[in-house]
Each structure stands twice: as C-alpha cells, then as structure tokens.
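Asker: Letter by letter, the chains look like this.
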Amino acid sequence: MLNARSQLSPAASTMVELAGVSKNYGPVNALLPVDLTIAKGEFVTLLGPSGSGKSTLLNLIAGMITPSAGRIVIDGRDATAMPTNKRGLGMVFQNYALMPHMTVFENIAFPLQVRHMSRAEIRERVEKVLDLIQLRHVADRRPKALSGGQQQRISLARCIVYNPALILMDEPLGALDKNLREQMQLEIKRLHAELGITMLYVTHDQDEALTMSDRIVLMNSGRIEQQGPPEQLYFEPTTVFAAQFIGSSNILVGDVMDQAGGTAIRTSVGTFPVRTAAHDFAAGQRAALLVRPENLRLVDEGTALPNIAGQIEDSIVMGGVIRHFVRCADKSVIIVQELNQPGLPRPQRGSLVRAGWSTAHGRLLPPAPSAEGTQG
Amino acid sequence: MTGAPSFGIDRRGVSVVAWSCYLFLLLPSLIVIPISFGNPGEIQFPPRQFSLALYRQFFSDPAWWGSLLESLGVALATTIASLCLAVPAAYALSRSRLAGRALLRGLFMMPMLVPVVVLGLGLYLQYSDWGLLDTSAGLVLAHVTLAVPFIMVSVMSGLAHADVALETVALIMGASRLRIFFRVVLPQLSSAIAVGALFAFLTSLDEVVVAYFVTGTSTMTLPVKMYSAIRWELSPVIAAVSTLLTVVSLSIALGIIALQRPTEANS
Chain A
1 MLNARSQLSP AASTMVELAG VSKNYGPVNA LLPVDLTIAK GEFVTLLGPS GSGKSTLLNL
61 IAGMITPSAG RIVIDGRDAT AMPTNKRGLG MVFQNYALMP HMTVFENIAF PLQVRHMSRA
121 EIRERVEKVL DLIQLRHVAD RRPKALSGGQ QQRISLARCI VYNPALILMD EPLGALDKNL
181 REQMQLEIKR LHAELGITML YVTHDQDEAL TMSDRIVLMN SGRIEQQGPP EQLYFEPTTV
241 FAAQFIGSSN ILVGDVMDQA GGTAIRTSVG TFPVRTAAHD FAAGQRAALL VRPENLRLVD
301 EGTALPNIAG QIEDSIVMGG VIRHFVRCAD KSVIIVQELN QPGLPRPQRG SLVRAGWSTA
361 HGRLLPPAPS AEGTQG
Chain B
1 MTGAPSFGID RRGVSVVAWS CYLFLLLPSL IVIPISFGNP GEIQFPPRQF SLALYRQFFS
61 DPAWWGSLLE SLGVALATTI ASLCLAVPAA YALSRSRLAG RALLRGLFMM PMLVPVVVLG
121 LGLYLQYSDW GLLDTSAGLV LAHVTLAVPF IMVSVMSGLA HADVALETVA LIMGASRLRI
181 FFRVVLPQLS SAIAVGALFA FLTSLDEVVV AYFVTGTSTM TLPVKMYSAI RWELSPVIAA
241 VSTLLTVVSL SIALGIIALQ RPTEANS
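Line by line, the protein sequences give chains A and B. Position 56 of the first sequence, counting from 1, maps to 56 under the numbering used here, and the rest follow consecutively. Position 213 of the second sequence, counting from 1, maps to 213 under the numbering used here, and the rest follow consecutively.
The set of hints was computed from the structure by calculation and includes no laboratory data. It is possible that part of the hints are untrue.
[As the list claims (entries may be wrong)] Quick list of simulated restraints, FRET-style, between CB atoms: (1) B:R177 x A:A120: 38 to 48 Å; (2) B:I80 x A:D78: 38 to 48 Å; (3) A:P100 x B:S136: 36 to 46 Å; (4) B:I80 x A:Q113: 25 to 35 Å; (5) B:R177 x A:M117: 18 to 28 Å; (6) A:N163 x B:G122: 17 to 27 Å; (7) A:K144 x B:V117: 12 to 22 Å; (8) B:R97 x A:K128: 38 to 48 Å; (9) A:G319 x B:S96: 51 to 61 Å; (10) A:K144 x B:Q126: 26 to 36 Å; (11) B:R97 x A:H361: 50 to 60 Å; (12) B:I33 x A:M117: 13 to 23 Å.
[What the hints assert, rightly or not] Derived contacts from chain B toward chain A, CB cut-off under 8 Å, selection only: (13) P40; (14) E42; (15) L166; (16) T168; (17) L171; (18) M173; (19) R179; (20) P187.
For clarity, every value in this text was computed on a predicted model and none was experimentally measured. The beta carbon of each residue, even a glycine, is placed where N, CA and C say it ideally should be.
Bound conformation, chain A alone (with noise of 0.2 Å):
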C-alpha cells in the first residue's frame, strides 16, 4: 500500500511531513531529530512508553510546542511556525474535551460556525455526521448526559465534521473499559476505511497499535526506535526494545560464531545455530537471539531441532493456548506457548523437558544496551 503511495508525487500523496524536527528543553532532549512522513488517509499509530517522545512529536504537529530545529510540512503547507489555529487538524483527547455549557449538537456545530458556514449547511452536517455515528438521537442533550463511549464518539463526531487535514488521537480509549474500548477500536477503524481520512493515534497499548493501524512508529527515549507495518514490526523487530515492547519474546544473549554449516550464538544455555541471511553480524561480535514464545514448542531429547533444557516452573492455560514457564541451567525463565487443545497432556510442575524452535524462527538482534541476559 506505502509502495503504490510513494509511486505518486511526493506533493499530492503526502499530508504531514517532518524533516529533523527536534526538542529540546534546556538541556533535556525531549524529542532527538525525527523524519516522519504520514501519506494521506494513512492510519498511523506512535507506539512507546511514556516519556518515549511521543506525546511531544503529537504537540509539535498540532502546534502547542515548537520545534526546537527542523521543519513540519501539513498538506503541502509549511506548518513549522503557523499557529494551531491554522494549521486545520483535529483531535480527540482521552477526556473527551467537549463543551459541557453546549448541548451535543452545538459541539459539533462549533467548528463548523468556526468556519463561518450558513445556518442551513451547519444543520445539514451535524445531522449528518450524528447518523454516521448513529447518535442522533442525543442531538439535544448535554455531554455529561452520556456514557464515556457516547462521549468520545461525539468528540470523534466533531472532528470528522469539518473535514480536517489530519485527525489527531491523543490515548483516546484510555478512559473507558476493556469491551468498550475494543468496540470503539472497530468502530474508529470504520469511519478511517468509509472516510479515508488521515490519522496520527498515540497509545502505550499495543494491541490497539497492532489491531488499528496501517503502519506502527515506535518510539524510545525520543527517538523513533522502528516503524513499519503491524506484522513487521512483530515479525521483523530491529531492537531488543522493539522485540520485547511488541508481543512477548525470548532474548537469548551470547557471542556470535562461525561453525561448521553456518553462523551461530554461543549463549550460558548452549549454542545454536542461527539463520545466515538476513543479518550483518561478525563472528565475536554480541548479539541477541529472540524466539518468540509461540515459535517454541516441547520437544523430545533426540530432537534435530536446537533447544534448551530446564524445569517447568508453571503451565497457564490462557483459553485458546496454553503457556509454560521454563527454568534454564542459568536461572533464566523462558516462555513456551502452544496450542491448547482438549486432551493435551498437560507437563508436572518441575519435571525437565527441552523448549526447540526452527532455525527459521530465531532472529538475531543488536544486544540492548543494558539488556545483558535478561529475559523478556
């Protein structure tokens, strides 16, 4: 989908565009110089803990901060300088932030006599966009008459109203429960297909991250750490961090080699062939192994595969798939994660088993900075 974009002229697929766009406080860096280009009617979603730069990236391209260098680039416009109000965006914050002095029509109405637009017009587009969000019914009450998943869609309401450049989501399901919130993510993702507006979502959730956006940017300590589609990123992680903030992983740290047949890690459990392709590492050099839970299965003791012994520590049966924490030689714990299935002979807590993975499903990474032997 990116590559059929960027076949067109930069000018017309592109909606915001950021060129070493840096901030900085003092001496604190609140945001490293990022490149970030967000093509139009694209969802993309800035994925990071807190205080990663994410929430500061979200600010600079609504305005509320300026960049400290570099330059912000909206819809073919030269937005580094211009004042929020200009910049012709819209946003749904967590809290919701409608009017509560304004009944839910003239929320949404609000914009719109922004805009300077006739009575007739305003009443025809908010009736609208209340029957896209099937909430017309509530035109004439007030906002904190509303459940929280009410709200947000009105907010949400509000925003694709008046047809804005970019619609921007600061955590905006953070506030509401867990059925909610996955029934607001359907429900967001709809109007994105129906309306192919452009969106920039800000979340610390993952799974969010994972279910709604067409390309994830994840960020770290104020830089972007890797971005790419959902499945790269989970398939195909540059980092230890990445690896370990999406999906849950196995990180094996040891030195690189070259053996017989292929390159290899010498790890504290043993030593295991990796995949030749698809990394630059020299033999001697550290580097870190992930395995990804769901890639490891019990294996018996004259398996071909390479694999690890230790003691299970537990087994959870998780509904659909069932996990077991395994105790290495080295203390470490590594997660194996099957299939559940009825009859599935379930292993004794403490008996020794041996987890193996395919070649194919070990990744080698750049070890985490301070990251040595820990397992994620």
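Knowing the structure of chain A, use the given hints to seat chain B on it.
Answerer: Just chain B now, with coordinates in the frame of chain A:
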C-alpha cells in the same frame, strides 16, 4: 465527626463558645433592626412603640434617598467597570506565559494590602489635581481599584478549575483566541464571575473611607451620609438605613453562597 479526637473538650461546650462569638459579633448589627422600627424621636432599645416613621422619614428626604441612589449607581458602575478590567486580566494572567506574570498579579492584588486610609489620601491629592474630586466618575475609579482584586481572585480560581483541554481543542478546531474567550472560557466562568461581581458590588456599596475623601455634597454615598449623620445630627434615621443596608448586604452574601455551592459540587 465520629472519629474526630475530642481532646477532652465537650462538643457542646465548643459550640456554646462558637455561638457566643457569633452573637458578640452580630448583636450590635442586629440590635439596630428593632430600633429602626421604634419611635422617631429617640434611639432606644428595646423600642417602646412600633412604627415605620423612620423609614418614612428616610424615603421622604431627598438627601437620604439621593445618597442611596448615588451609592447604587456607583456600585453598579464599579461592578461593570471592574468586570471589564479584571476578567480579561485574570484570563491573560492564568493562561499566558508572559514574563513578569507574578509581578503583575501582585500589582493587581496590591489594593487589598494598602491601608484604605492611605489609598484615600493618595486619591484625594491626585484627584484634586485632575479635577476628579466630588465626581461620580472619580469615586467609581477609586472603587474599581478596590473591587478588581475580588473579581481577580474569584475568576482565577474559576479558571484553575476550568478544563484547559477545552481551549486547546477549540484552538485546534480553528477558533480564534477571541472566539475561544467568549464561547468557551466565559460560559465556564459564569458562576465565578457572578460571585466576583457581587463581591465588587458589595465592596463599593459598603465602602466609606475612600468615599469620605473623594466625595463631596453632590456625590455623597449612603455610608458617607450615615457617617456624617452620626457626627453632626445623630438622627435615628440611620437605624432604618443600617437595617436596609444589612438586608441588601445579607441578600448579596446569601447569593454568593448559593452560587458557590454548585461550583464546588462540580469540581
């Protein structure tokens, strides 16, 4: 209440002390009420006969009701002028990142700290140069300096409770600062503004020291007229005037309490 330590003091004992203090403070004001319904020839408590003669006297003497009208007019003008000045100032001071914000805030609050006698004397000297002595405009100006801090305090606390995200979202939606002020900020401040306005009105209505310095015979306000009545004629009419003023002040104070209650419930 049940878990509060008693320190060995009987709770009833505490309330007896508290009520005694209230009565000590209130009785002198309350005692004028029965007096005001007494015999117009004397100031006596308790009054020996009931009559409305003092009120009749008050409303039939243009010197009295004229000064009442002057007081009400000055208080109204003071309230409006102070609102126009203090509400935008409070907004600017609490939302901007202006340098010297704390200093400006301090300056606005200063009239609360300066002794009113000093203020009155200063204004007297300055006004005599400017020809503002014995003018309603001069008195309004003087009262505005006294009333502004009350509105500032009330509105700033209202702004502290108001959600900044509403202003941010309006700004992102493209609204101008002016539209945000009138459509988003002001409606949220309505009760804070009303409370501040009532305080301002009351401040001006009751103010006697500064008014004594800057008013003359043509602009005499009710408190000034009462003060001179005590000094020069000792007319029992002031009992009726005091009662009227007490009723007005009390209803304004009750209004303030009623307005403050829903704001607290909201926050």
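Asker: So, for every hint listed, does it hold in this structure?
Answerer: Structure-based check of each hint:
Between B:R177 and A:A120 the C-beta distance comes to about 28 Å, which lies outside the given range of 38 to 48 Å. Range check, B:I80 to A:D78: Cβ separation about 45 Å, and the 38 to 48 Å hint holds. Take A:P100 and B:S136: their Cβ atoms lie about 40 Å apart, and the range 36 to 46 Å holds. Taking 25 to 35 Å as the suggested C-beta distance range, the pair B:I80 and A:Q113 conforms, at roughly 28 Å.
Taken as a hint, the range 18 to 28 Å holds for the pair B:R177 and A:M117, whose Cβ atoms sit roughly 21 Å apart. Distance hint check for A:N163 and B:G122: the Cβ-Cβ separation is about 59 Å, which falls outside the suggested range of 17 to 27 Å. Checked against the hint of 12 to 22 Å, the pair A:K144 and B:V117 fails, with Cβ atoms roughly 49 Å apart. The hint said 38 to 48 Å for the Cβ distance between B:R97 and A:K128, and at roughly 40 Å that hint holds.
The beta-carbon spacing between A:G319 and B:S96, approximately 54 Å, falls within the hinted interval of 51 to 61 Å. Between A:K144 and B:Q126 the beta carbon distance is about 50 Å. The supplied range of 26 to 36 Å is therefore violated. Taking 50 to 60 Å as the suggested C-beta distance range, the pair B:R97 and A:H361 conforms, at roughly 53 Å. Under the hint 13 to 23 Å, the C-beta atoms of B:I33 and A:M117, about 60 Å apart, miss the expected range.
Taking 8 Å as the C-beta contact cut-off toward chain A, the hint placing B:P40 at the interface is violated, the least distance being around 52 Å. Below 8 Å, beta-carbon pairs count as interface contacts, and B:E42 has none with chain A, the closest being about 56 Å; its hint is therefore violated. Among the interface hints, the one on B:L166 holds; its C-beta lies about 5 Å from the nearest C-beta in chain A, closer than the 8 Å criterion. Of the supplied interface hints, the one on B:T168 holds, with its beta-carbon coming within about 7 Å of a beta-carbon of chain A, less than 8 Å.
Proximity of B:L171 to chain A holds as hinted, the smallest CB-CB distance being about 5 Å (cut-off 8 Å). Of the supplied interface hints, the one on B:M173 holds, with its beta-carbon coming within about 4 Å of a beta-carbon of chain A, less than 8 Å. With a cut of 8 Å, the hint placing B:R179 at the interface with chain A holds, because the nearest CB-to-CB distance is about 7 Å. For B:P187, the suggested interface contact is upheld, since its CB lies about 4 Å from the closest CB of chain A, less than 8 Å.
Hints 1, 6, 7, 10, 12, 13 and 14 from the earlier list are contradicted by this structure; the remaining hints agree with it.
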